[in-house]
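A.B. asks: Please work from the sequences and hints to get the whole structure.
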Amino acid sequence: MDELDAMAELLRDAVGPPPLAPGQVRAAKARVERAGHALSELPDRRVRADLWSSLFPGAPAGGANAVPGPLASSHLEWLWRRFYRPSAMSVVVVGEVPDTVIRSIFADWPTPPEPGPPPSLRPVQGGTAEVQTNAAWVGLGRAARTGESGALAAAAELVAARLRAGGIAAAEAEVWWGPGRTALVVLGSALPDAPAASPESIRATIADLAADVTADLVAEAQRTLRRRLLYQARTARGLAAVIGTFHERTGAPDGAARFLDALDRVDAKAVGRILRALVERPDAVLEIGPQ
Amino acid sequence: MTALLRAFGPTGHGARPQRREAPAGARLGRLAVRCAILALSVHTPAVAQSRIAVLEEPDGSAVAVSIALNAGTSWELDFEAGLTHLAARAIAEEVRPALDALGGRIAVECRSAATVFTLLLPPENWAQGVDRFLRALFGASVSEGAVERGRERLLRSFDARAGAFPHELNLAVTRALFGDEHRWARPVCGRADALARHDAEEVRRLMRSRFQPTRAAAAVAGPVTTAEARTVLLHALGEDVLPVLVPAPASGTGRGAIHVIRPTVTTWIGLAFPFPRDADPEALRLLAFRIREAFRPSFQRPDVFDAGATVEQHGDGGWLQVVLVTAPERAEDYANDVIALVRRAASEPLPRAEFEDLRRRYRGRRLLELETPEARARNAALQLYFEQRFRLPSESIAALTRRRLQRAAAALGRPAVAVLGPE
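Note that the protein sequences, when read in sequence, are chains B and W.
If you count the first sequence from 1, position 14 lands on 14 in the working numbering, and the numbers rise without skipping.
When you read off a place in the second sequence, starting at 1, and then add 1000, the result is the number in the working numbering.
Please keep in mind that the hints were generated in silico from the structure rather than gathered at the bench.
Where is the CB? At the ideal position from N, CA and C, for every residue including glycine.
A hint or two may mislead.
Quick list of the computed label-pair ranges, beta carbon to beta carbon [said to hold, decoys possible]:
no., chain 1, residue 1, chain 2, residue 2, range
1, W, Asp1078, B, Glu287, 25 to 35 Å
2, W, Arg1352, B, Glu9, 49 to 59 Å
3, W, Leu1368, B, Asp108, 20 to 30 Å
4, W, Leu1155, B, Val91, 16 to 26 Å
5, B, Glu287, W, Asp1131, 22 to 32 Å
6, B, Glu248, W, Arg1361, 26 to 36 Å
7, W, Arg1414, B, Ala35, 41 to 51 Å
8, W, Gly1413, B, His37, 47 to 57 Å
9, B, Asp108, W, Gly1163, 57 to 67 Å
10, B, Met89, W, Arg1361, 22 to 32 Å
11, W, Phe1305, B, Glu9, 27 to 37 Å
12, B, Pro19, W, Arg1407, 44 to 54 Å
Over 12 Å on every C-beta distance to chain B, these chain W residues come out as not near it, computed from the model [claimed, not checked]:
no., residue
13, Ala1127
14, Asp1199
15, Arg1404
C.D. replies: Listed below in structure tokens is the structure:
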């Protein structure tokens, strides 16, 4: 139990008041800016960031576009007071620890002082760096209702496999979880001599799949997704990450279990409907050409 | 560095004159003699223990199975170099489509003393996957296509390691320990030139002779019951309590010190401290951890770029291997520091508080290494194989004492040294 106490103490320190000496703030800001600009030079990051902005307008992008504006120590302190509150936190503990012990450790979790009125923060969008790529990058995405997450995940699994089988080796299909909505996003890239990864070629591949998706294909996708999640959850860290990620996405502590239940109920009809919508009316299309 | 190499070579076995190539007939004769020596150098445990371990983990979400097989590189004749691992890879390729269909994965590891297979499967069909694998492993019916796919993967891995300093240093360390032409000083996964010559029939022949159920120790970790896991494994392995023989190297004739000259900007040092059969593996792992901590790169040691320490086992003990990557001008000092640390650890126990802190950090690191079911199954299978018993790592670590650490350090012999770097 000593280790658990030590871990809790480390966490307590981590969510405590941030170091706000001017030099520390400047150094942290420089690190974040450098990382943000470096990431925005990568084509997949740029495609993802811009698609995110199109699919979830107004939602903070994070990652590549999160280049901070002219932040001062007072801004950081306000952000800490506003967001680092126990009511905004979730704790996932995996291991042989009695529930009562866990509750006692986190019962008196420190609460920052009230934040007061927000300082005037003017977010500065990053992503101004030139993208460096020798391949054509394409991304297209379509938003959907949160309740369709199981069908979206199965559709994404099938799309990625079909695109790769069609020669677009660097193809990915993902489910994104935004505020109140989800989205199916397809990304592809191809070097000049490889099969083209254009919006048309990707749509054609998805259209073929939408036309011939079968119950067997969907069942295979369901099995693959279920196993992937269970394998990820085979370690304490992996299980905590799965539970925490789905909690964050859905707001429900049992979000991961609910997702697996939803996945079980998916049928070929629902997957076909999502695929057809993605072909006919994508909400966002992004292309980046080779320089 | 020259002084260090002089200090450690030749060893007590005496310096050996440069070998001249012997005629083919004489080489065959020598091989036959070595076969006989090897056969005599197999360690048989005094008491036959179970060779199956089951780690029941009811909350687990995957089942891992690991098989440690007495079919390592050390059994190979020179012309066979790599045949064992090719056979193992071919089996993996043979069963891969079936495992893929079940959602399973397979990994193969080549060692001098053993070949290790580790499978990861979903709980609902793990038994089916393991049964399919064990039938392939002990059935000697691998297809030519699987052999070719296995060969292709192996050759790609050889390309990747060609000229890699860690691989070259490991070879130099075992040569310093055992001698240039010793079986245990060969590349553990074989050589590309020899690998190209083996056909599918040779692979099957090797499987028939060495991939035998009686040569295996096995472990299962995951949401299974002991009864069902034993049923699945015993169906293929047969008897549970057969002693698994573990190969041991014949007497070494190592030079004790080897310098591999390379135009590098860093110097790589490998130290191999041999230990006897009755040494304490868990305490030796703790000592290795202490050495890693003491020499890892830090602000205090800006001229150390990497540090590692591992425990290598065989049927007659093994060796604790330390690898340091340092600035060339400081390499000798650091090598001597490692030796001095081992000597200090052997001469007096650590202060109690220091030992408790060390053990706690080691416990954390070790349990993190074993966080996946496949790592736990592999660890259990290797423990059964080398030590003929299994004890949970958390219990083994809890039982460690300052005296055991001291005795483990005292059991280490004079190290063989290999240096890779500039002249």
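A.B. asks: If a hint holds in the structure, say so; if it does not, say that too.
C.D. replies: Checked hints:
1. Asp1078/W <-> Glu287/B: 25 to 35 Å: Taking Cβ atoms as reference, Asp1078/W and Glu287/B lie about 58 Å apart, which means the hint is violated.
2. Arg1352/W <-> Glu9/B: 49 to 59 Å: For Glu9/B against Arg1352/W, whose Cβ atoms are near 24 Å apart, the range 49 to 59 Å is violated.
3. Leu1368/W <-> Asp108/B: 20 to 30 Å: 29 Å, holds
4. Leu1155/W <-> Val91/B: 16 to 26 Å: Cβ of Leu1155/W to Cβ of Val91/B: about 49 Å, so the range 16 to 26 Å is violated.
5. Glu287/B <-> Asp1131/W: 22 to 32 Å: Violated: the Cβ-Cβ distance is about 50 Å, outside 22 to 32 Å.
6. Glu248/B <-> Arg1361/W: 26 to 36 Å: At roughly 32 Å between Cβ atoms, Arg1361/W and Glu248/B fall inside 26 to 36 Å, so the hint holds.
7. Arg1414/W <-> Ala35/B: 41 to 51 Å: For Arg1414/W and Ala35/B the Cβ distance comes to about 49 Å; the hint holds.
8. Gly1413/W <-> His37/B: 47 to 57 Å: 55 Å, holds
9. Asp108/B <-> Gly1163/W: 57 to 67 Å: 58 Å, holds
10. Met89/B <-> Arg1361/W: 22 to 32 Å: 28 Å, holds
11. Phe1305/W <-> Glu9/B: 27 to 37 Å: Given range 27 to 37 Å: holds, Cβ gap about 33 Å.
12. Pro19/B <-> Arg1407/W: 44 to 54 Å: Between Pro19/B and Arg1407/W, where Cβ atoms are some 47 Å apart, the hint holds.
13. Ala1127: Consistent with the label, Ala1127/W stays out of reach of chain B, its closest Cβ about 16 Å off (over 12 Å).
14. Asp1199: 33 Å, holds
15. Arg1404: 22 Å, holds
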